[in-house]
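J.: Sequence:
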Amino acid sequence: MFSVKLIVFLTTVACVRSFGVFRDPPGDCVGECPTVYEPLCASDGKTYVNQCYLTNALCSEPTLYQKHAGECASVRARGIICTTPWCWPVHEPVCGSDGRTYENVCELNNAMCDNEHLKVQHRGPCTPTF
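Counting in the working numbering, the final residue of the sequence shown is number 131, and the numbers go up one at a time with none missing.
To be clear, the hints were calculated from the coordinates, so they are not data collected in a lab. Beta carbons are placed, not taken as given, at the ideal position from N, Cα and C, and that holds for glycine. Hints may contain errors.
[As the list claims (entries may be wrong)] Beta-carbon label-pair distances, calculated as ranges:
(1) R124 - P35: 25 to 33 Å
(2) G32 - D99: 18 to 26 Å
(3) D45 - W89: 35 to 43 Å
(4) Y38 - V121: 17 to 25 Å
(5) A112 - T36: 15 to 23 Å
(6) N116 - P94: 35 to 43 Å
(7) H123 - T64: 40 to 48 Å
(8) P126 - Y66: 34 to 42 Å
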């Protein structure tokens, strides 16, 4: 009877592992990654810039796994497509209606995914109010 329970348990673990619920922790975290955009959609619903970024995320989230190649698309407030938190590092400041200066329009669009009332106030940095 004990051996039947053991076989059932081991079979269950093998099945669960094959569907990505349990993952072996990654060997080494990569650190810096290239900026080549080869998006991957992961199990957390986030789009990672490339395999290197996903591998780094695995260091802190070992149950994470790749769902498919390409972006995880979701449409949110006002029809904005919220696909990835990553933007090219281009310095073209934009002032948001929340009084915050965003690095560029992409960064502001990402913030709009979390705040449906946010909009572009004007191009350029916000002026501090005293």
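J.: Compare the structure with each hint and give your call.
T.: Status of each hint after checking the structure:
1. R124 - P35: 25 to 33 Å: 30 Å, holds
2. G32 - D99: 18 to 26 Å: 33 Å, violated
3. D45 - W89: 35 to 43 Å: 22 Å, violated
4. Y38 - V121: 17 to 25 Å: Hint holds: Cβ distance 24 Å, inside 17 to 25 Å.
5. A112 - T36: 15 to 23 Å: 21 Å, holds
6. N116 - P94: 35 to 43 Å: 18 Å, violated
7. H123 - T64: 40 to 48 Å: Since H123 and T64 have Cβ atoms about 43 Å apart, the given range 40 to 48 Å holds.
8. P126 - Y66: 34 to 42 Å: 40 Å, holds
Hint compliance for this structure: hints 2, 3, 6 are not met, and every other hint is.
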